[in-house]
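*Asks:* Given next are the chains, with one letter for each unit.
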Amino acid sequence: MIEVHVNGQQWLMPPEACLADVVTKLMSEPRGIAVALDGSVITRTDWVRTALHPGARVEVLTAVQGG
Amino acid sequence: MTALDVPTDPLVIAGRTLASRLILGTGGASNLDVLRAALRTSGTALTTVAMRRFDPAAGAGVLDLLRELAIQILPNTAGCRTAAEAVLTARLAREALETDWVKLEVVADDHTLLPEPFELLDAAEQLVDDGFTVLPYTNDDPVLARRLEAVGCAAVMPLGSPIGSGLGIRNPHNIALIVEDAAVPVILDAGIGTASDAALAMELGCDGVLLATAVTRADDPERMAAAMRLAVEGGRLARGAGRVPRRWRAQASSPAGAPWPDAPEHVTRHR
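As you go down the protein sequences, you meet chains R and D in turn.
Per our numbering, the very first residue in the first sequence carries number 33; after that it's consecutive.
Per our numbering, the very first residue in the second sequence carries number 10; after that it's consecutive.
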């Protein structure tokens, strides 16, 4: 297993896991969200082909009330 | 059209026509039912949301509500302190919400929430270059507003007073100067406390008003949403109607003099 950071929390993921696996663990139906890996936006279509790495910083954002 | 069916000119930003000159933000509402009633009553066609980490416990409440009401979403970059943070947040918002419109906020600190002008201008330039329609929340500084327009912002959104303060428009003269210079729409953003503040913004020549707290944290948000809608319409009409000049002394609106000018009492009291 490798250790990654998802929204500031430490997660253990299989070494072959991709970004889509992170999203699937968070929600069944990903809508209205966006994902950044190490500070860069990864578009939805690229989640399945974007590998994780030890220490990866993943941010999953959505819209909330504000402004 | 207004409540009185007086024809008004619509607000156009970046080629898109908005049915209302009032932009009501979603922040501060105690629950989604209160927000739904306020948004509906306000007549707003554009509303702000913030971007935050996904919380599995929270669900997609506000997005579902905005889809239900068919109101265009304007994501903001609230909470960002640097151009880099704001640019990343805007790009995440574009990916999540499928809009290239962004209310650009880059603030200097938590206690004033005033825009950080250098980071703001830097972020605005980067986002315009990246194809965004940028609506920057800015200081009531005519020079900064001019710079933001020059780098390609689709509107400029000067504050009336600090976010959430309800202090109204502290420097009406600067707002008027910004309006005078700007070729893009000017939206008064932040500081509105009550309906007269929104009317004043429009009377000063602003093209629209963006507010949230004044409605969402009012004792009766739906009633205040109605008040703001009417105030924005009233202020716009008054601006277009052309106000009378201010005079130092009175000018009678009835025929001059007294009905019986020869009466002794009138002659003595008149002096």
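If you are wondering where the hints come from, they were derived from the structure by calculation, not from laboratory data.
We put the CB at the ideal spot given by N, CA and C, even for glycine.
A portion of the hints provided could be inaccurate.
[Stated by the list, open to error] Covered by chain R, per the in silico footprint, the following chain D stretches (three or more residues, Cβ under 8 Å): (1) 34 to 45; (2) 53 to 62.
[Stated by the list, open to error] Some chain D residues flagged as far from chain R (calculated, every beta-carbon gap over 12 Å): (3) Leu74; (4) Asn85; (5) Ala93.
[What the hints assert, rightly or not] Just a sample of chain R residues kept apart from chain D, beta carbon distances all over 12 Å, derived: (6) Val38; (7) Met45; (8) Pro47; (9) Ala52; (10) Val80; (11) Arg81; (12) Thr94.
*Asks:* Hint by hint, say whether it matches the structure.
*Replies:* Results for each hint:
1. Under the rule that three or more residues need a Cβ within less than 8 Å of chain R, the assignment of the region 34 to 45 of chain D holds, with 6 such residues.
2. Counting residues of the region 53 to 62 of chain D whose beta-carbon sits less than 8 Å from any beta-carbon of chain R gives 6, enough to reach three: the coverage restraint holds.
3. Not every beta carbon of chain R lies more than 12 Å from that of Leu74/D, the smallest distance being close to 9 Å; the non-interface claim is violated.
4. With a cut of 12 Å on Cβ distances, Asn85/D falls inside the contact zone with chain R, its closest approach being about 4 Å.
5. Its closest Cβ contact with chain R, about 8 Å, brings Ala93/D to no more than 12 Å, contrary to its assignment away from the interface.
6. Distance check on Val38/R: its Cβ comes as close as 9 Å (rounded) to a Cβ of chain D, failing to clear the 12 Å threshold; non-interface status is violated.
7. A cut-off of 12 Å between C-beta atoms confirms that Met45/R is not in contact with chain D; the least separation is 17 Å.
8. At the 12 Å boundary, the C-beta of Pro47/R stays outside the reach of chain D, the nearest C-beta of that chain being 24 Å off.
9. The beta carbon of Ala52/R sits about 14 Å from the closest Cβ of chain D, which is more than 12 Å, so the claim that it is off the interface holds.
10. Consistency note on Val80/R: stated as away from chain D, and its beta-carbon is indeed over 12 Å from all of that chain's, at 16 Å minimum.
11. Listed as outside the interface, Arg81/R is consistent with that label: its C-beta sits roughly 16 Å from the nearest C-beta of chain D, beyond the 12 Å cut-off.
12. With 12 Å as the threshold on Cβ separation, the claim that Thr94/R sits away from chain D is violated: the shortest Cβ distance comes to roughly 5 Å.
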